[in-house]
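Peer 1: Residue numbers (the UniProt record's numbering), protein chains in the order written: chain Y, 1 to 338; chain B, 1 to 338; chain P, 1 to 338; chain S, 1 to 338.
These are computed hints drawn from the structure, not numbers from a lab. Just to be clear, a hint being listed does not mean it is correct.
Stated by the list, open to error - Here are the in silico distance ranges between beta carbons for each label pair:
1) G116(P) <-> T42(Y): 26 to 32 Å
2) N217(Y) <-> A68(S): 52 to 58 Å
3) E262(S) <-> D91(Y): 42 to 48 Å
4) L184(P) <-> A107(B): 33 to 39 Å
5) D261(S) <-> D91(Y): 43 to 49 Å
Unchecked claim - Away from chain P, derived, C-beta distances all over 12 Å, residues of chain S:
6) M3
7) A88
8) D91
9) T111
10) L160
11) G190
12) S222
13) P225
14) A251
15) K257
Ideal placement from N, C-alpha and C gives every residue a C-beta, glycine not left out.
4 protein chains.
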Amino acid sequence: MHMVRVAVAGASGYVGGELLRLLLAHPDVEIGALTAGGNAGTTVGEHQPHLVPLADRVLGDTTPDAFAGHDVVFLALPHGHSAELGAALGDDTLVIDCGADHRLVSAEDWTRWYGGEHAGTWPYGLPELPGAREKLVGTKRIAVPGCYPTAASLALAPALAADLVSPDVVVVAVTGTSGAGKSLKPNLLGSEVMGSASAYNVGGLHRHTPEIAQNLNGATVSFTPVLAPMARGILATCSAPLKSTVDSAAARAVYTKAYADEPFVHLLPEGTWPATAATVGGNAVHLQVTVDPDAGRLVAVAAIDNLTKGTAGGAIQSMNIALGLPETAGLSTVGVAP
Amino acid sequence: MHMVRVAVAGASGYVGGELLRLLLAHPDVEIGALTAGGNAGTTVGEHQPHLVPLADRVLGDTTPDAFAGHDVVFLALPHGHSAELGAALGDDTLVIDCGADHRLVSAEDWTRWYGGEHAGTWPYGLPELPGAREKLVGTKRIAVPGCYPTAASLALAPALAADLVSPDVVVVAVTGTSGAGKSLKPNLLGSEVMGSASAYNVGGLHRHTPEIAQNLNGATVSFTPVLAPMARGILATCSAPLKSTVDSAAARAVYTKAYADEPFVHLLPEGTWPATAATVGGNAVHLQVTVDPDAGRLVAVAAIDNLTKGTAGGAIQSMNIALGLPETAGLSTVGVAP
Amino acid sequence: MHMVRVAVAGASGYVGGELLRLLLAHPDVEIGALTAGGNAGTTVGEHQPHLVPLADRVLGDTTPDAFAGHDVVFLALPHGHSAELGAALGDDTLVIDCGADHRLVSAEDWTRWYGGEHAGTWPYGLPELPGAREKLVGTKRIAVPGCYPTAASLALAPALAADLVSPDVVVVAVTGTSGAGKSLKPNLLGSEVMGSASAYNVGGLHRHTPEIAQNLNGATVSFTPVLAPMARGILATCSAPLKSTVDSAAARAVYTKAYADEPFVHLLPEGTWPATAATVGGNAVHLQVTVDPDAGRLVAVAAIDNLTKGTAGGAIQSMNIALGLPETAGLSTVGVAP
Amino acid sequence: MHMVRVAVAGASGYVGGELLRLLLAHPDVEIGALTAGGNAGTTVGEHQPHLVPLADRVLGDTTPDAFAGHDVVFLALPHGHSAELGAALGDDTLVIDCGADHRLVSAEDWTRWYGGEHAGTWPYGLPELPGAREKLVGTKRIAVPGCYPTAASLALAPALAADLVSPDVVVVAVTGTSGAGKSLKPNLLGSEVMGSASAYNVGGLHRHTPEIAQNLNGATVSFTPVLAPMARGILATCSAPLKSTVDSAAARAVYTKAYADEPFVHLLPEGTWPATAATVGGNAVHLQVTVDPDAGRLVAVAAIDNLTKGTAGGAIQSMNIALGLPETAGLSTVGVAP
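Could you put the whole structure together from the sequences, leaning on the hints where they help?
Peer 2: Laid out in structure tokens, this is it:
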């Protein structure tokens, strides 16, 4: 088979770097154009010193012309930019938007949460959700999920689908700092984040809230993100009120069945709870579920690497499906630990 | 006034070290006997290199005799040990138990959560709870609260007292590793905790659950603790279903009033959320509250230093009340940051 | 005695914050004007959430007029700014420059390392250096040492003074990120520094090199700074070729004698090596020395908190000396650990 | 070609885990026996939650019989144990000792530094050293270098070989905690290591000192290891007195030439210095060199992942050479960052 020629727009950021890290190891891919915004004209090595094989590659400008002749274009851009560039790329190119522009179905939601006009909805790149994988086969447009929605949706979807819980969920998700990108904000300085946990966008203000609700068929979602002193990782603690008198074993059975054929969902042995370290650099979702009979709630905890399964790895998984490659090509469930 | 002579049982551990750090700076206190278990016969400096003025002090054995002639004895011991030692100390000595033995009111709860026979209930050292401060005045026995209950109870008590929410709360609390003490467990090794967030005792299994419920007048409590890569700090994200159509401003007004006279509760300016770093080494509780109308929940977030306000600082605050000293003597709202 | 009225120029940065943290606990001081550059008009709380008692104080503009009526003005400003402001303040005001402007004796060195014209030399605020304390008594101008020179000079001065080693020293010093201030540089982002150690200004390019040499009477200095994933702390590993056949015990004896009366230098017990954690928030220098007979070198390691003894604490120590207060007033050898 | 059947003795530790992580991705290898000491009978998943594909594999006992029928046996055992087991394995099995037993050439050095009798010397698995690669071709016994010697030797060897410097070197190397393994020691607890840098084995006491000297043809070595708050990584700052008036460009030219054909040595662009984060999980050595004319020293800094290039990756690289596989098979220069 001919090698798939891929390009990355936004190759100097964290998502761009993670895409390239994974694509370098993908057996069916060759890396083509790499572009940036303000960093155009500099080398990959200046921004991604870990990508040794690409150290001397010079970043081009992010213009539609840069992507001519590519089979796949990954967009790792701030929201708003993806829509514009995506519209300029032809229908024979697989465009994979790692940003938010094409995730939400509801134009009203888009306008409320992001402002401006909705650019439309693309097939949603979370193949483990019911019905999602099918829509990715052969598609030329993919909206990569947000990192929090990936973790929270996979933690709760089976319980809701099996009607174990009411659609009224509470999600508190701890995240590493790379989710915020390379933004030069004082609160993201190492001196500020090391040794500190802090909540932000509390009270339903985070833009991933409607996306989680959408994935959970309109459930009511209370979502609080918490920044923790680590570069990578999301640990989502998710709970919902029990509808019936299910015990932990029964809840585990539901999850076991729901994810039996999923190559990247790793339901942990009973009594073991996820740690984000085990997912670093891998595409696995580590998951556990239990029932708290005193509180009358089901509690599920999911751990992912926000940059891998949460963004770049999930994007490549969806690319594989869209192109008819093995879904696991170039990806692994193995993390880098300790 | 004569100096208060204090002793610390368990002076080689983290709680013992934090007690000593604070007591060294307390204007009304002189440090007497320092004892340990297996570390008896070694110096303070071997275990607490940060306590330079005590570097050469040799730790004694933890026997009742060691505490003769002291006004105050702090017990920083594993649960079970405090009850025994406490019973052996006279009624004229103020005994402050930093462990769990005397926190729970219900003997049935004690037996369920800790096993064995209940040693009895002592006045509870969380003066900010309604009615608690009065019971501490002049007492000779104090049960220091758990670190998680301190954060969670102060975050939710005003909303419950004002009937803003139903007594059905969800608490997800991120903690630093010092809360687990110096236990030599593989999951507490630096290599394991750095770069990782992990949940534990999920599904209502943590022993602080009934203590939170007790502080919240029997509310139903779903509690999940999460270990994060930092030595100190608890960030408790707490929420409950709204009972009435209160908005954020009204919720803040309730909290402002509830804590108006509290020297250690720092309600943050609107829109600002707590970070644990700001509380390190200080006795402050940083607190914020909001309403999420879409989710129909009130969300409150509290940050404390688990070793200071969460244990040793709270213990000294209660000691001050019991002895009739200024409540803030030897304590500060100022943290060590960044 | 009347309270000393102090002002801080640059109160929104890390050094300014640390000065205020310590000054809030100083028994002889009242805090007056607090000023900033671009942050003038905002509150202390926005920048220093750990300084609860000052949360609502509004930062003024940094102009000479702001400091009228103050006994002491601390300058926590970028180099170049201190010289200008210092020159505008009267001779009856004690001006303490936490920046580099007045540290170097040699105007030629100044021009080579910092560029521009030398503003002159002020008494050097490292009282533990031979002859330094005397020059601080009664002075109205103090140059606070750099953080690296504080650690490295105290580690090596006794060995050089006792002629144990040749004046040809190698210093490799690991530092936390707060030494770089709140600069919004990509390499200081939490995502970059966590999990990473990196060298910078290698090969004698760091501006603290000539200051170390000056403190060591013109010794040849090879200095390499290394950034480590921690907010605070410097660990300086310093070595020099042995001149004579001295053993470790003899070297320790020299250091013991040299620092016998120093309240803030803590020579550790034999066989124990410094860890920066033990110094966090305290003004202590933890120090150890040994001889490596195979390598023919004396090796000394010093740990300090770069913001406390390394800057703000050292500044207050020197202030105390200048004003005739007890040298340890408002300062402590106790660190915040773990 | 038939798949190489490999076994790992000591599969529950950090080195064992890293070997397995890399071997799972090696195209020419199949994983056979996995054994442990005290952890025999438990699953890989209990100790290595990141190795999802091996989660249910049960660890066997570490006896010679366990390794029958394997082409390659990796020994990830405490020193002393490797010698014994190695002696029991046949000459047709490639035995790769990740421990110290067979590194030193001098029996006298062995006895001085490790005690007991020397087990003999095996071909040394640092192919980048002059003459080393040749000795690995076809060998059935490999001694994997220590992590510090890997970094320090590669940093200094070219300068010494080109006679740029005197053989009198100073190495200060910052390391992450995984180098100490899963030892349950108080100083390795997360609470102790986070936020702290500390020196240990100062004054030439570290057992890697004679190994560095051996690699550098008997140079005098002053070596100080420093523990930093990160799980992985070594940053070795190495210097030596200049013999001739070489400038930085000339020094770089020497290094460029020395490592021109090395697939895993990445000499950074001029002015860029290594950060360990860029090497995490990869087999690359990031290297930079400069000349400090004022100090009269050449300074070279090397960064590696102590578990990858520093141990397990280096071991597999040497295995590839021994077996006639491509040297880079299953290995990568790409790190996982941020």
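Peer 1: Examine each Cβ of chain P, and state whether all of them lie more than 12 Å from the Cβ of S222(S).
Peer 2: 4 Å, violated
Peer 1: So A88(S) supposedly isn't at the interface. Is its beta-carbon more than 12 Å from every beta-carbon in chain P?
Peer 2: Label holds. Min Cβ-Cβ 35 Å, cutoff 12 Å.
Peer 1: Going by Cβ atoms, does L160(S) stay more than 12 Å from chain P at every point?
Peer 2: 16 Å, holds
Peer 1: Quick one: work out the minimum CB distance from A251(S) to chain P and report holds if it exceeds 12 Å, violated otherwise.
Peer 2: The claim is violated: A251(S) sits with its nearest Cβ about 10 Å from chain P, within 12 Å.
Peer 1: Checking the smallest CB distance to chain P, is P225(S) really beyond 12 Å?
Peer 2: 10 Å, violated
Peer 1: Taking the closest pair, is the beta carbon of M3(S) still more than 12 Å from chain P?
Peer 2: 34 Å, holds
Peer 1: Quick one: are D261(S) and D91(Y) within 43 to 49 Å, going by C-beta?
Peer 2: 46 Å, holds
Peer 1: Please check whether the beta-carbon of G190(S) is more than 12 Å away from every beta-carbon in chain P.
Peer 2: 9 Å, violated
Peer 1: Holds or violated: 52 to 58 Å for the Cβ distance of N217(Y) and A68(S)?
Peer 2: 56 Å, holds
Peer 1: Looking at T111(S) again, its CB stays over 12 Å from all of chain P?
Peer 2: Per Cβ check, T111(S) is outside 12 Å of chain P; nearest 16 Å; holds.
Peer 1: Verify the CB-CB distance for L184(P) and A107(B) against the hinted window 33 to 39 Å.
Peer 2: 57 Å, violated
Peer 1: Take a look at whether the Cβ-Cβ distance between G116(P) and T42(Y) falls inside 26 to 32 Å.
Peer 2: 30 Å, holds
Against the hints set out earlier in the document, violations occur for numbers 4, 11, 12, 13, 14.
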